Amino acid sequence: MATVADIVDILDTRFPPSLAEEWDVNGLTVGDPGAGVGRVLFAVDPTLAVVQEAIDVDADLIVTHHPLLLRGVQQLPVTSAKGAVVHQLIAHGIGLFNAHTNADHASGGVAEALAEALGVRSTVPLVPSTADATQGTGRMGVLGGPLTLGEFAQLVAEKLPATAHGVRVAGDLDALVTSVAVCGGAGDSFLAAAKAARADVYVTADLRHHPASDARELADLGDGRPFLVDVAHYASEWAWLTAAAEHVADAAGVDTIVSTLNTDPWTAHFASPASDASS
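Under the working numbering, the first residue of the sequence shown carries the number 1, and numbering increases by one thereafter.
Keep in mind the hints are simulated off the structure, nothing from the lab.
Fair warning: this is a prediction, and the values are worked out from it, not measured in the lab.
Some hints could be false.
For each label pair, taking beta carbons as the anchor points, the in silico distance ranges come out as [unchecked claim]:
no.: 1; residue 1: D132; residue 2: G27; range: 34 to 44 Å
no.: 2; residue 1: G150; residue 2: R39; range: 20 to 30 Å
no.: 3; residue 1: P146; residue 2: A251; range: 14 to 24 Å
no.: 4; residue 1: A81; residue 2: A192; range: 46 to 56 Å
no.: 5; residue 1: E246; residue 2: G93; range: 48 to 58 Å
no.: 6; residue 1: A268; residue 2: A186; range: 19 to 29 Å
no.: 7; residue 1: D24; residue 2: S107; range: 14 to 24 Å
no.: 8; residue 1: P17; residue 2: E158; range: 28 to 38 Å
no.: 9; residue 1: D132; residue 2: V57; range: 34 to 44 Å
no.: 10; residue 1: D132; residue 2: R198; range: 42 to 52 Å
no.: 11; residue 1: S122; residue 2: V73; range: 15 to 25 Å
no.: 12; residue 1: G150; residue 2: S122; range: 43 to 53 Å
No residue lacks a Cβ here, since even glycine has one placed at the ideal position from N, Cα and C.
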């Protein structure tokens, strides 16, 4: 039987920790490296609901994208949110591993999975790593054929998990788009990179007001590109789970399950009655 250490080695080889940002936390948070693993649950977030799902499906290990303890803590009482997660994991003998920014940057990682889910082909890193140009932040590629921005946004809504956030768009819905830049997770730090790459549209999550507004003002001085498509953080990273789960299943011969629990924190969205925005 495969062990926790075996799964960790498989994931670290696929998504090298050396690719992670210096501030990041990755690896085995809870668990015995020597423990046997028959089933692994993959999820975006290490929430209590995900832990309960792992208990329900009899998983021995949870692999998440986001770390449980990104910022240091000194106390983990069961009465705290993160403490409750740790106590539940230990009580049920379930390990917790995560691959965060290393999975963002790696070939076959979060950005490539997002691009593939949206039908973006021939991808290259949006911001290549200085050590290896085949890896890096985001991805840039092309669609199989031109779509209007409105059609493309509808495609995004259909291909990614449904969330209360939905899909927000900035730009001319009738304009044709072919070249697409994507970045899973919070991506407004790379708005300039998407423009420099001459992307027709940039798909990411957590776009803040001022960076998005400044980017649109600059784009409108030219041809309006890149247009912006903003999705929920959770939705932008979910597609990676399937690829990672398939890789582990093939390499370790264990059962893998991809969680379909929506761990986006928002639960409802109400459009203004006076809004002209498409829905």
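To see whether the hints hold, each was checked on the structure:
1. Between D132 and G27 the CB atoms are about 21 Å apart, so this pair departs from the stated range of 34 to 44 Å.
2. At about 42 Å, the CB distance of G150 to R39 disagrees with the hint of 20 to 30 Å.
3. For P146 paired with A251, a C-beta distance near 38 Å fails the hint of 14 to 24 Å.
4. Range check, A81 to A192: Cβ separation about 36 Å, and the 46 to 56 Å hint is violated.
5. Here the CB-CB span from E246 to G93 is close to 25 Å, at odds with the stated 48 to 58 Å.
6. Judged by the Cβ atoms, the range 19 to 29 Å given for A268 and A186 holds: they are separated by roughly 22 Å.
7. Separated by about 18 Å at the C-beta atoms, D24 and S107 satisfy the suggested range of 14 to 24 Å.
8. Taken as a hint, the range 28 to 38 Å holds for the pair P17 and E158, whose Cβ atoms sit roughly 34 Å apart.
9. Checked against the hint of 34 to 44 Å, the pair D132 and V57 passes, with Cβ atoms roughly 36 Å apart.
10. Evaluation of the 42 to 52 Å hint for D132 and R198 yields a failure: the beta carbon distance comes to about 23 Å.
11. S122 and V73 have their C-beta atoms about 43 Å apart, which leaves the hinted 15 to 25 Å range violated.
12. Between G150 and S122 the beta carbon distance is about 24 Å. The supplied range of 43 to 53 Å is therefore violated.
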